[in-house]
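Chemist: Sequence:
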Amino acid sequence: MKDFNEGLEDLQLRISKGDQRAFEIVYLRYYRKLVVFSKNFLKSREHAEEVVEDVFVKLWSKREEIIYIQNLNVYLYSATKNKSLNALSSNAARFVTEALDIADHDSIAEGSTPHDLLVTSEVMQSVQRAMDLLPERCRIIFQLAREDGLRYKEIAQILNISVNTIDAQMAIAVKRLCASLGVEKDRKAPVVQVK
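Under UniProt numbering, think of the first position of the sequence shown as 1, with each following residue one higher.
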């Protein structure tokens with residue numbers, strides 16, 4: 001998996017000097033991932049987008065201080081988590097869950113047949129249903145590790161828990177996802193049962 005910390009220190013320095021292009025690169029690199037992360041707390045894509053936009057507005061408005069951040073990756077996730085929790089407590093209610101964006105444009109090849117698109121959509125729905133069955137903390141940890149490519153140490157810092165807890169939660173997530181998706185342990189490639 002691509003190391004998202006690659007070049008981040010250089011981008012931090014450039015942002016601190018007011019480089020809008022460097023800020024745009026960081027924004028594009030993290031926006032979608034942070035929205036998904038925030039949505040774990042808020043259960044609303046619209047509210048998650050607002051939270052993430054606020055995080056980036058604050059980052060830009062305090063850009064001179066960005067050079068003092070030791071790990072921008074951890075900072076962005078931590079700020080998003082804190083703003084998400086603040087949004088929850090200030091509204092005193094969870095927001096309504098919006099429909100999942102089933103088809104990610106990057107995951108469907110050009111020239112796919114309608115049958116291919118249907119199968120892809122069904123598989124993605126099955127995976128999402130299996131993910132939704134995971135306990136909340138387990139799901140968040142799994143998404144940060146597998147979908148966002150964060151290291152266990154970074155996840156531990158973001159969620160303020162131990163690396164051992166991350167390891168245990170990942171084992172639970174993998175075991176439950178395999179069971180939910182009908183993945184046979186002795187097979188080399190997973191077999192997903194489409195319901």
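Careful: at least some of the hints might be erroneous.
[Stated by the list, open to error] Here are the simulated DSBU-like cross-link-like pairs (lysine-lysine), alpha carbons at most 35 Å apart as the crow flies: (1) 58 <-> 17; (2) 17 <-> 153; (3) 43 <-> 58; (4) 62 <-> 43; (5) 58 <-> 175; (6) 153 <-> 175; (7) 175 <-> 17; (8) 153 <-> 58; (9) 175 <-> 62; (10) 62 <-> 17.
[To be verified] Beta-carbon label-pair distances, calculated as ranges: (11) 179 <-> 19: 18 to 28 Å; (12) 129 <-> 9: 23 to 33 Å; (13) 19 <-> 161: 13 to 23 Å; (14) 172 <-> 61: 32 to 42 Å; (15) 18 <-> 133: 43 to 53 Å; (16) 43 <-> 13: 32 to 42 Å.
In case anyone wonders, no lab produced these hints; they're calculated from the structure.
For clarity, every value in this text was computed on a predicted model and none was experimentally measured.
C-beta: ideal position from N, C-alpha, C; glycine also.
Chemist: A separate judgement is required for each hint: does it hold in the structure or not?
Modeler: Structure-based check of each hint:
no.: 1; hint: 58 <-> 17; in the structure: holds (15 Å)
no.: 2; hint: 17 <-> 153; in the structure: holds (29 Å)
no.: 3; hint: 43 <-> 58; in the structure: holds (23 Å)
no.: 4; hint: 62 <-> 43; in the structure: holds (28 Å)
no.: 5; hint: 58 <-> 175; in the structure: violated (39 Å)
no.: 6; hint: 153 <-> 175; in the structure: holds (21 Å)
no.: 7; hint: 175 <-> 17; in the structure: violated (47 Å)
no.: 8; hint: 153 <-> 58; in the structure: holds (25 Å)
no.: 9; hint: 175 <-> 62; in the structure: violated (43 Å)
no.: 10; hint: 62 <-> 17; in the structure: holds (11 Å)
no.: 11; hint: 179 <-> 19: 18 to 28 Å; in the structure: violated (48 Å)
no.: 12; hint: 129 <-> 9: 23 to 33 Å; in the structure: violated (40 Å)
no.: 13; hint: 19 <-> 161: 13 to 23 Å; in the structure: violated (35 Å)
no.: 14; hint: 172 <-> 61: 32 to 42 Å; in the structure: holds (40 Å)
no.: 15; hint: 18 <-> 133: 43 to 53 Å; in the structure: holds (46 Å)
no.: 16; hint: 43 <-> 13: 32 to 42 Å; in the structure: holds (37 Å)
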